[in-house]
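Student: Now for the letters of each chain:
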Amino acid sequence: MVVIQQYLLAALAGGASTALLAWTAHKLHSAKLTARLRAEAQAQINTLEVEHAAHREALREREQAEQTLHALTAQLRDELMQQSASADELRATLDVVNVDREQWTNQARQIAAEAARLKHLGATFERWHEQMISLMTQNHDMHAKNQELSSIVRHVVIVSLNASIEAARAGPAGRGFAVVASEVRALAARSEELSKSYRDSLHRNDLTTTSTFQDIQAGGKMIAASLASVESLANRFHAQLEKVPM
Amino acid sequence: MISAHAKDSFDRIFRKAAQARLPVAAGDLCEIAPMAEAGACINRESKVVVLTISSIVFRLLLILHFDENDTTRGYYLNDGDERPFQEVFLEICNLCCGAMNQELLHYFPDLGMSTPYVLNARCLPHLHELKPAHVSSYSLMLNGAVPLAATVCVCTHAPLDFVADTSAVEETSGELELF
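These protein sequence lines are chains Y and G, in that order.
For what it's worth, numbering that gives the first Met the number 0 labels the leading residue of the first sequence as 0, then goes sequentially.
For what it's worth, numbering that gives the first Met the number 0 labels the leading residue of the second sequence as 0, then goes sequentially.
Same shape as in the complex, but just chain G (with noise of 0.2 Å):
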């Protein structure tokens, strides 16, 4: 149903707005490797943070994994920061699906995206149940030294066909865009 090139434009999209918004501050690194499974890094406290963007003839899910330990947490806070870690990253994630969300209104204009969703990471086995008709997942690392972990899936039951022009440089990096 989803054609090469509109997996390859969903690729190109998630990497440049992972790449753009998942780093705290504009020059830290982000490297992005693909990964054979969803849930292959996967240890008993890992959570996820789901966050869907629904258009009429799909719905993308941008699942986020993490684990809430002291290197995620020492790279997400500042030393001032009183507020929770899960707030923080929350809004991480929430702009980094909005980054999403800004490229494919291009060549969607009917568009709309959830607020995010904290999960137990366990729960990503059962991601066949939504019968996805394409799904990728990538191990990211931040600063190369802050693992985190990333899965877009994506259901329809229509064709979907498009070619993303992801070349063009986002201005904007990190702080909350007004509409």
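This is chain Y alone, in the form it adopts within the complex (with noise of 0.2 Å):
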């Protein structure tokens, strides 16, 4: 029975034992296992955190980018409203422009049309070429009639020589005679100086008429010849004004 007890008690010292054992090693795996989950759960808060940092390291620098963006856009916004001011002073600038522009083209057109008009001061000038071609045929008209006087005078000359020396045979009788033949000759002697000075007169008056004249012909041509540059400055100006787009 002692045995029995023995056996028992060291069944039960056994079983006591082995639960022991058992309960420590189930124990050490416990904490082995806890020490394990904690050790993940740690890790697993850790990479939470960093990225819970990163998270709101990337939510401030969206918010900064929000605020650049806000800042652009109204940086943009004023950017523009200046653009658009000084468009619509340039777009009233060219409206000044083109007014101008064809204000100036009108103009262009004014002058070369005027230039043109005043080329007919030619004609005027031809007028006075024609009544300069008139006097000198009045002027060789007096010149023929000079010389017919001149001829004449030169013949009444020969006549009361002629006279003279008839009056001197007539002797006391053509006394008379010779005073009046005499007279004759002094009368034809002035006449012919006096045709004399009308020929060089006809003669100073043929040189100042053509030289006058040909002056107010060739001024004529020369004004001519500016209006017609005018003219062509005038249309190519208005030529320029009209490429230029509006």
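Hints in this document: simulated from the structure, not taken from any laboratory.
Treat the hints loosely; a few may be bogus.
[Stated by the list, open to error] Now the stretches of chain G that chain Y is said to cover, found in silico as 3 or more residues with beta-carbon under 8 Å:
(1) 9–16
(2) 49–57
(3) 64–74
(4) 115–121
[Stated by the list, open to error] Far from chain G, some chain Y residues (derived; all Cβ distances over 10 Å):
(5) A18
(6) A52
(7) L68
(8) L89
(9) V98
(10) R100
(11) E101
(12) E113
(13) A114
(14) I157
(15) V183
(16) S194
(17) T207
(18) D214
(19) A217
(20) H237
This structure is a prediction, so every number in the text was calculated from the model and none was measured.
Ideal Cβ positions, reconstructed from N, Cα and C, are used throughout, including at glycine.
Now that you have both chains on their own, put them together as the hints suggest.
Tutor: What follows is the structure, given as structure tokens:
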């Protein structure tokens, strides 16, 4: 009985020690498990914290970017306003320039037309030239008449000389006639002088008339050439203005 | 009123134009000598061709003296030429004056030239009536046989000063220029 008791005690003790061992083993195992789980949980917490920090950082960056974008938008809006203001200004200036350009075009056209119209002055100069020709023809006529007069006067001188000779031949009876013949000769000499002087005057008249009218004619051509140059310049200016796009 | 430079320039311009345009053929000689007085070699029948170049400040009269005799006629008229001598000679004078005009255009942009007119040479002693500021006369001899004379008379009330460069050689001679 005692043996059985011993057996039982031994069994009990064995069971108890096994149970103790098992319990200890269990405790050890569960402590290990807990520690591992805790470590894992800690690792996860760490990861999450890091992620959270990154997230927060990203959020801050986004906020900063948003602020920058806001600032940029505001700046762009300002610039747009300025640009549109200056565009309006430019448009206004362009409108003014266009109006000016139209006026210039009109003025260039007017100058060209005026120059073209004034070129007809040439006709006036031609008329003066014709008048010169007519004056010169009259001078020519007067030259011819004066020459005729001069030849008559020369004839009178010869006749008066003959009369003087005849008077001398007649002796005392021809004395009175000699006086008349001498008077006629003196008159003829004066006429000859006058005719020479008249011829000189006609030559002087020829020169002054010709040079004056030639000056008018040449001056007319000079003015016509200058007007043609003004007309061509105005036309060129007009053409250039036409080429400029509106 | 007219500077020595301007007088010299007119002289050179005239000489160049006369030598280029008065001879009929390009190789013909044209001797030019100064003459004391405009009417020095005038006889009763001598005639002059008068041409005027006008500018804003001055007018220039080119006066070419000629005798319409057989020598002159023979030089300027070809055998088959049926035109009257004066018509041919006026054309020559016109070309000569035109050459002066072309040369002067380099210095005076506004110029005009008259048509030629024939007068009796006895009007030359009255040249002073135009109150010229400068007169110079020349006797010309073409090919040593055909005598001519010329007077350049410039009238101006304004001071006139320019220096002409007459060194450029003209390439054309004798024929009409087309503008």
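Student: Could you let me know if the closest chain G CB is still more than 10 Å away from the CB of E113/Y?
Tutor: holds, 18 Å
Student: Three residues minimum, CB to CB under 8 Å: does the region 49–57 of chain G make the cut for coverage by chain Y? Let me know.
Tutor: That given contact holds, which follows from 7 residues of the region 49–57 of chain G lying within Cβ reach (below 8 Å) of chain Y.
Student: For the region 9–16 of chain G, do at least 3 residues have a Cβ located nearer than 8 Å to some Cβ of chain Y?
Tutor: Our answer is that it is violated, as 0 residues pass the Cβ test (under 8 Å) against chain Y, missing three.
Student: Classify the label on T207/Y as holds or violated, using whether its beta-carbon is more than 10 Å from each beta-carbon of chain G.
Tutor: Non-interface label fails for T207/Y: nearest chain G Cβ at 6 Å, not farther than 10 Å.
Student: With a C-beta cutoff of 8 Å, work out whether three or more residues of the region 115–121 of chain G approach chain Y closely enough for the coverage to hold.
Tutor: holds (count 4)
Student: Would the least Cβ to Cβ distance between S194/Y and chain G come out above 10 Å?
Tutor: Since the minimum Cβ distance to chain G is about 14 Å, S194/Y lies beyond 10 Å and the statement holds.
Student: Just checking, L68/Y versus chain G, shortest CB gap more than 10 Å?
Tutor: holds, 69 Å
Student: Just checking, A18/Y versus chain G, shortest CB gap more than 10 Å?
Tutor: About 137 Å separates A18/Y from the closest Cβ of chain G, which puts it past 10 Å; holds.
Student: If I take the minimum Cβ distance from V98/Y to any residue of chain G, is it greater than 10 Å?
Tutor: Check passes; 35 Å lies beyond 10 Å.
Student: A52/Y clear of chain G by more than 10 Å, beta carbon to beta carbon?
Tutor: Non-interface label stands for A52/Y: nearest chain G Cβ at 90 Å, farther than 10 Å.
Student: Does L89/Y really sit off the interface, with its C-beta more than 10 Å from all C-beta atoms of chain G?
Tutor: Check passes; 41 Å lies beyond 10 Å.
Student: Please check whether the beta-carbon of A217/Y is more than 10 Å away from every beta-carbon in chain G.
Tutor: At roughly 4 Å from the nearest Cβ of chain G, A217/Y sits no farther out than 10 Å, so the non-interface label is violated.
Against the hints set out earlier in the document, violations occur for numbers 1, 3, 17, 18, 19.
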